[in-house]
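Novice: Sequence:
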Amino acid sequence: MIRNVLGAVLALAGAAAAVLSPFRDWYDGRLGRHYRLGDLFTGTGVTGAHPGLFGSLWLPFLGAAVVTVLGVLLRSRALVVLAGVAVLGFTVLWMVRVFQVTDSLAVTGDGSGLGPGVALALGGGALMLLGAWAMSGRRRAARYDAPGSGDPDTWPPTREPGPSVQTSPWPEPEGDDPYVGPPPDSPGPRSDSPGAPGTRPSGGGPSRSGD
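Under our numbering, the first residue of the sequence shown is numbered 27, with each subsequent residue one higher.
By construction, these hints were calculated from the structure, which means they are not laboratory data. There could be a bad hint or two in this list.
[Claimed, not checked] Label-pair distances were calculated between CB atoms; the ranges are:
hint: 1; residue 1: S138; residue 2: L96; range: 37 to 47 Å
hint: 2; residue 1: I28; residue 2: A152; range: 14 to 24 Å
hint: 3; residue 1: F67; residue 2: L131; range: 18 to 28 Å
hint: 4; residue 1: M27; residue 2: D136; range: 44 to 54 Å
hint: 5; residue 1: W159; residue 2: V127; range: 34 to 44 Å
hint: 6; residue 1: G115; residue 2: V95; range: 11 to 21 Å
hint: 7; residue 1: A145; residue 2: T68; range: 38 to 48 Å
Glycine residues also receive a C-beta, built at the ideal position from the N, C-alpha and C atoms.
Model the full structure from these sequences, guided by the hints.
Specialist: Written out as structure tokens, the structure reads:
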């Protein structure tokens, strides 16, 4: 958060300096907004034409400032870098075209050379790049992989056979005693039936020898 705030302040300060620079002297007392934007893309160099505000150097600097604001709002370092490179690029291109005509880019104390407007433009572009470097940008959301997704042999996960669950309503026998006898509710042998435990066979007991 601190890095983003510091980077945003530097980038916005650079954008403000770039937008204000065409309203200051650029060379020999001539304002930057008095240089025609189309002269930068011709081989003859700058001319003495005085264009309108949106046809001068102010237009690309305004566009760079808008891109900088968008980059700060979106926390996009790439947009801020693009804006800074654009400001520096147009300023250097202007210096090349002026040099084609004057053969000199001296800084003089009487205002006949490079003026403060050029310094504002160069400083503004440098501040934009510095602000982009200071910004941390947007954080990527942490990625959580599903369990077993790293091994295709185990995805989707299969249910491992677990311990058997007792489904009988009767308790399991304890120890080694086998389960003997039916449950209480099951029918068993009748007490009066032949062979039932605890009963005598019909026909009486064994005969006594004295009878």
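Novice: Each of the hints needs a verdict: does it hold here or not?
Specialist: How the hints compare with the structure:
no., hint, in the structure
1, S138 - L96: 37 to 47 Å, "holds (39 Å)"
2, I28 - A152: 14 to 24 Å, "holds (21 Å)"
3, F67 - L131: 18 to 28 Å, "holds (19 Å)"
4, M27 - D136: 44 to 54 Å, "holds (48 Å)"
5, W159 - V127: 34 to 44 Å, "holds (35 Å)"
6, G115 - V95: 11 to 21 Å, "holds (19 Å)"
7, A145 - T68: 38 to 48 Å, "violated (25 Å)"
When held up to the earlier numbered hints, the structure conflicts with hint 7 and nothing else.
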